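Just so you know, the sequences run in chain order R and U.
Residue 184 in my numbering sits at position 179 of the first sequence, and the numbers go up by one each step.
Residue 36 in my numbering sits at position 39 of the second sequence, and the numbers go up by one each step.
Honestly, the hints are just simulated from the structure, not real lab data.
On a predicted model such as this, the values are computed, not experimentally measured, just so you know.
A few of these clues could be false.
Some but not every residue of chain U turned toward chain R, in silico, with C-beta under 7 Å [claimed, not checked]:
{"no.": "1", "residue": "T73"}
{"no.": "2", "residue": "H74"}
{"no.": "3", "residue": "A77"}
{"no.": "4", "residue": "R78"}
{"no.": "5", "residue": "R89"}
{"no.": "6", "residue": "L91"}
{"no.": "7", "residue": "L102"}
{"no.": "8", "residue": "A103"}
{"no.": "9", "residue": "D107"}
{"no.": "10", "residue": "L109"}
{"no.": "11", "residue": "A114"}
{"no.": "12", "residue": "V177"}
Counterexamples of contact, computed for chain R against chain U with all Cβ distances above 12 Å [stated by the list, open to error]:
{"no.": "13", "residue": "S26"}
{"no.": "14", "residue": "G32"}
{"no.": "15", "residue": "G84"}
{"no.": "16", "residue": "I87"}
{"no.": "17", "residue": "V150"}
{"no.": "18", "residue": "E156"}
{"no.": "19", "residue": "L183"}
{"no.": "20", "residue": "I184"}
{"no.": "21", "residue": "F200"}
{"no.": "22", "residue": "I241"}
{"no.": "23", "residue": "I288"}
{"no.": "24", "residue": "F295"}
Quick reminder that beta carbons are idealized off the backbone N, C-alpha and C, glycines included.
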Amino acid sequence: MSLLRRRGLWLALLLVMVGCSAPGWMGAYYLGVFTTAYYFSVFAMSWDLLFGFAGEVNFGPTFMIGVGAYAAGLMNNAGYSIPLCLIGGAAAAVVGGMALAMPALRLRGPYFGLVTLVAVLLLLDCIVIFASVTGGEIGMMVPDVLSVSAEVNYWYAFGFLLVSAVILYGLSRSSLGLILQATGQDRIGAAALGFNVTKHKLAAFCVSALFSGLAGGMLTFYGGIASVDTVVSLSITVQIVIAVVFGGRRTILGGILGSIFLILFDELLRPIGQLNTFVVSGIALAVILFFPDGALGWLLRPRDDA
Amino acid sequence: MLNITPLLEVSGLTKRFGGLVAVKDIGFAIRPGEILGLIGPNGSGKSTVMKLVMGIERIDTGSVKLSGTEVAGWPTHRIARHGVGIVFQHSRPLNRQTVLENIKLALLPDSLLRLVAEPHVDRRAREIAERVGLAAVINRRPPTLPFADLRRLEMAKALARDPQVVLVDEPFAGLTLGEVAVFSELIDGFRRDGRAVLLVDHNVKSVAALVDRVLAMYVGQRIAEGTADEVMQDATVRRVYIGGKIEAHPRKELDVKGREALLDVRSIEVFYGKAQALQQVSVHVNAGEFVSVVGLNGAGKTTLFNAISGLVPFTGDIHWATESLHGRSPARIAREGIVQCPETRELFGDLSVRENLDLGGQHLSRAERDAQLAWLLGLFPILNERQRQRAGTLSGGEQQMLAIARALMMKPKLLILDEPTLGLAPVILEQLSKALARLRETTPITVLLGEQNVTFALPHADRVYVLEHARIVWEGDPARFAEEMGTGYL
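So here's chain U without its partners, still in its complex pose (with noise of 0.2 Å):
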């Protein structure tokens, strides 16, 4: 093995934006056949690195080779000519186009003169239509298609030029279980076609089963390098990752009994068209009460929040404090107290965090807002920090505690947060929870929390909702979940 030319070989790899070292000398060497795993939590470089080895960001200095031809310096499209593929996280494929046309668009030469495709592009996009599992759907139009099936034709665009090296980007985000299975199967032929494949994700866990080799990065450092089961066990590793443990944060019983309920979800039901996506749910949320629904992506959650914050139409009644929230506008149901934290967090990119937060407070006196602003960067003190800073360029779970702080700055009197914990690693889960359990200790607010994350769900509930297919089918206090549903919920 050792004598065989790397497919890709990095080296000394270093990219600084402004005063921040993203990516610091790091370096790794694929051979053909082999699955690199690159890991790290949000913010760490990871991403970075991908987009250095494209040639979609300068390298500032550093080496990449290609079967031993230097490409640092050279533009994108140059590099994905001489054979590097990359599957993107986020597809946006050409939607006037079917299936189709979208694998033959990645087919075509780079040339201004060649007008016409020529014959063998139709056949070779239908081979690896066939290969990428999308043969059915060949004729169809991406915007009609469900999300694995993009993810398909993002992996067929990156075969099309049969490159040796391919660099996945989050392989799984968003699959099912069973996707996840088809998509390793997938990951896999390209270890068995030879070429070189760079895995890029949150945590070791997902690519474990797939990967050769990992290399473990953090604040664009390598931390650890070598099998999967041995980065698992290194030390830096297991203190970068997973912190201190995430405890429970168990408060005094709540009186809420006598108490009548905030917000009353009664039997609603919503249909995406021919899709029933909530099922006879029933929630109810008491003032003061912190109450967390948990399930699997695509279980209805966020469906759920949306019908509340009045964002989709929904049959059955929903009643905040004893009147009916049917046929009120989203903005007059969030003036009335109810704000929601959406899983996409929606910040004003361009904007700093600063006027970020202004503007979640500008319904507020002037006195009212300072306050609040003051008790927010209390509570986020990495928010104080970065006030200048434009949110777009905030890591992962810093925009999750923007996007929280923001919703907090409209004092609401119910917040709703929806997966605040997606694509944020373990040690930004950590002080994330913390700022969570301060939050419920020191203030009087009603939370309802949507998770996939049981572990960071619990310790703040008072209450739990398990969330399954469209359906409520468990109830109860977190201690009993573990017992009851502990088993059967993954």
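Bound-form chain R, shown alone (with noise of 0.2 Å):
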């Protein structure tokens, strides 16, 4: 266990020292690589809070990212600051991710990934017929921008990557993490041990929809626009579960590995043109096929001392 512990520690610390070195030798392309794979790296990881731990199939991640993307951007376009729209996206993320949620998991097996998939069908469809406040498929323009600098712009992702991961990994490990693996392994086991099973369950939508709906609008400050490409497509959602499942599901900090492969070899590999998705997906499921875990996961995984 403690081995365990110390790898893992030592293998963050080294990822930190990298993430806060890389303005001083990396080009300013490739910085702007890197702060989108970051954010992309807090939608992951709050999708494993919801699948690899409460044991819930979300397929509609995109909804609370897309929500609390336009929302952010509607508010920013009415004229509101930065940090209220923030929180204002977020906000609405939570509330929109709740209202899909109480009635979702009344529903067992498939079907809550079902209803979670139908709820990104209908919001990608508000988007396109309410054209002329989200600018449809063509997407919204933001007045404000976070900055126009590559390196402060990699900053504002790096911090708000590293505060993410701090406060979903120590969920993950907390008690309610712990309650979280019972209530998705087994829901009648879990309450016979005392545990509300819905209430927990809501409690971990609530999270993963607010670090998603934060997300969705610093992607939209930093990009300057909110676009169902960006934020609400399924291959999103395609890409946040390859990123999870590459990464190693069950670990949350898998998800910034996986994502940071994702979206670094889709960019290195651009040059090799329509082979590189081919390329990236061809290691996707190799690492899914021969190693189930995922990467993290294999490096990480338990060793019975016993």
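Grab the two chains, each in its own frame, and use the hints to assemble them into the complex.
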């Protein structure tokens, strides 16, 4: 156990140091790539809290991300400052998430996932229908941006990622995380131990929605635009799922590795054109097949000392 | 005693599932330090009663009082918080956490805000582990533990919140005799703590030594109540349980001496890691023979059958109609006519009875399939009535018949039946026994039966092997079994 903790801790420290030093040696272009990857990492971690711990397969992470991004964008267009918009966006994501989860969590098995999937499609429709306000498929420009400097943007994203990672990872290792795992694995068993299963799952959903919405809002003010392709599209969901499974389900931090891998390789392999998605997907598939616990899950796999 | 308020008081409990009345007007009271046995054959509704008390199933009508407080209609977690602990028969611990962490989980408050366990939780978890005998394995993970320790862990979790009422589902299922003694002592400890205990089990015998009173159920209703002795003597209970005596079904001496063996297992050995599961085991089955392999749980019966079916690697050789089965895939072995009906049944719970049977007959031509189906529905009339019902909703006995019928749909040359009586009440055993007898009389089928229950295995057998601790210790005809092995078996 102590070995596991120590190995994980060293790995995390090393990554933080590499992350901190990046602006010193990395060009503005790649700083931008990493900035996106960091926001994406928060999406992935939030999703893992629901899937890996509470055991709920949420096919609608982009519902909460999108609600957060568009709510923040709309508020900004109405003249509110960025911090207020971020808070408003996160709040909207939580409220939207609750509205979705309350009825959906009553359902068992694959139905929860299907409901969340339908929610995303509804959001997509709403954005298109109210194109006069949302910009429809073109996207919604926002007047303010976090910064025009790639380095400053990098620091915003990096700081946000660090805070999110510490909180989400901390939650997953806390008593709450343990209870969540129990409810995810065996509802009746957890209830018989005196845990209000619905309450805990809703809480997990809330936390997941909060960070998803916040990250969606930040991403909007980083790019200056909220668009279907960057925050709502189902292909974003697919990438989140791949990032988590690649990085390691039930590790929270694995989502960061997975996201950076996906987005960085997508960039690095751009010269090979169409083949790049193919290669990235191929690598992801191989990891899922041969290391079902994901990269981090494999690195930190528990070894029984007994 | 009588003026003490019962810790658990149930009255007028009724539950319907669709048209089926699963529990009808059941009532009982358990006082501090008292153990009540709730017994009944499969499908009698005893497990449903336990789920109703725990709030896992919704109560239709009736009352459940905990120390005088009405809890009917409460959600499970509130009932648990109010002092009811349940020991499930099947344990599903958190496999990535240690035993200690699993026990700690049960000690945590139902709070979203308390993120770090209080210090007393660790101490208390260790105390509980000590009490149930898990102290030595406290830092191991559940997948590395033997079955009895997993049961202890369930016990520990149920005890964690110091419940006044403890419900135990089949306390001794799957345990060896030595372990049964240890678990009896643990349950007796609940009594000394002044808890009220409800033991749910198939038969009186296994809980007789422990219980103060027994309530016997059959098809959802109370049929008898009293001390273990009274209930065992009760005429209704005896009729429901024992039914007619299981008779022998002798058949004319089979002329198998001259035939060559259909299946010939030659000194095979199987290892699971370091543990030897089979040691120099040789068994042969001639065409048309009904051979029983009897042995207690853990003797190696399932391992033997899995080796024959190609599911576990072995050394030695297995010949099937003169060809070696070495290196053949399980699918090919099944296609060549060795069909196993595993003890876990492996039915498709969401498919109907008919669909399960049709799946078994997939490779047959339509006419063949229809003929086989008609024959099987005649052999197991209950399946005929239940054709459209989902397999998962059948009672244990019906599921077993369906599993056998599905295996027979494949028109096996050799049918391997692994522990078909597992978890079945005697009244069902008799039906099953009759079906096997008809099967043996009316078809030329060859059967290899693995059983713990000797009284079930013997009447049908032409020849018997006794498997004990991975070795064959006796072989002979059933008539000689009683005098040569009768006392030594148990």
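Here is how each hint holds up against the structure:
Against a cut-off of 7 Å between C-beta atoms, the interface hint on U:T73 holds, since the closest Cβ of chain R lies about 4 Å away. Interface restraint check for U:H74: the shortest CB-CB distance to chain R comes to about 5 Å, inside 7 Å, so the restraint holds. The closest approach between the C-beta of U:A77 and any C-beta of chain R is roughly 4 Å, which is under the 7 Å cut-off, so the hint is satisfied. Because the closest C-beta pair between U:R78 and chain R is about 5 Å apart, less than 7 Å, the hint holds.
Checking U:R89 against chain R by beta carbon gives a least distance of about 5 Å; that is within 7 Å, so the hint holds. The criterion of a C-beta within 7 Å of any C-beta in chain R is met by U:L91, whose closest approach is roughly 6 Å, and the hint holds. This hint holds: U:L102 has a C-beta 5 Å from the nearest C-beta of chain R, less than the 7 Å allowed. Among the interface hints, the one on U:A103 holds; its C-beta lies about 5 Å from the nearest C-beta in chain R, closer than the 7 Å criterion.
The interface hint given for U:D107 is met, as the beta carbon of that residue sits about 5 Å from the closest beta carbon of chain R, less than 7 Å. Hint status for U:L109 relative to chain R: holds, with the closest Cβ pair at about 5 Å, below 7 Å. A cut of 7 Å between beta carbons decides the hint on U:A114: the least distance to chain R is about 5 Å, and the hint holds. For the restraint placing U:V177 at the interface with chain R, the shortest Cβ-Cβ distance is roughly 24 Å, beyond the 7 Å limit, so the hint is violated.
Even its closest Cβ contact with chain U, about 32 Å, leaves R:S26 beyond 12 Å, as expected for a residue assigned away from the interface. The non-interface label for R:G32 is consistent with chain U: the shortest C-beta to C-beta separation is roughly 41 Å, beyond 12 Å. The Cβ of R:G84 sits about 36 Å from the closest Cβ of chain U, beyond the 12 Å cut-off, so the non-interface label holds. Separation of R:I87 from chain U is adequate, the least Cβ-Cβ distance of about 30 Å exceeding the 12 Å criterion.
Even its closest Cβ contact with chain U, about 36 Å, leaves R:V150 beyond 12 Å, as expected for a residue assigned away from the interface. For R:E156, the condition that its CB be more than 12 Å from all CB atoms of chain U holds, with the nearest at approximately 35 Å. Once the 12 Å rule is applied to beta carbons, R:L183 is inconsistent with being away from chain U; the minimum gap is 5 Å. Distance check for R:I184 against chain U: the nearest CB is about 6 Å away, which does not clear 12 Å, and the non-interface claim fails.
Non-interface call for R:F200 relative to chain U: violated, since the shortest CB-CB distance, roughly 5 Å, does not exceed 12 Å. The claim that R:I241 is not at the interface with chain U holds, since no C-beta of that chain comes within 12 Å of its own (minimum 29 Å). No beta-carbon of chain U comes within 12 Å of the beta-carbon of R:I288; the shortest separation is about 26 Å. Taking the minimum C-beta to C-beta distance to chain U, about 20 Å, the non-interface status of R:F295 holds against the 12 Å cut.
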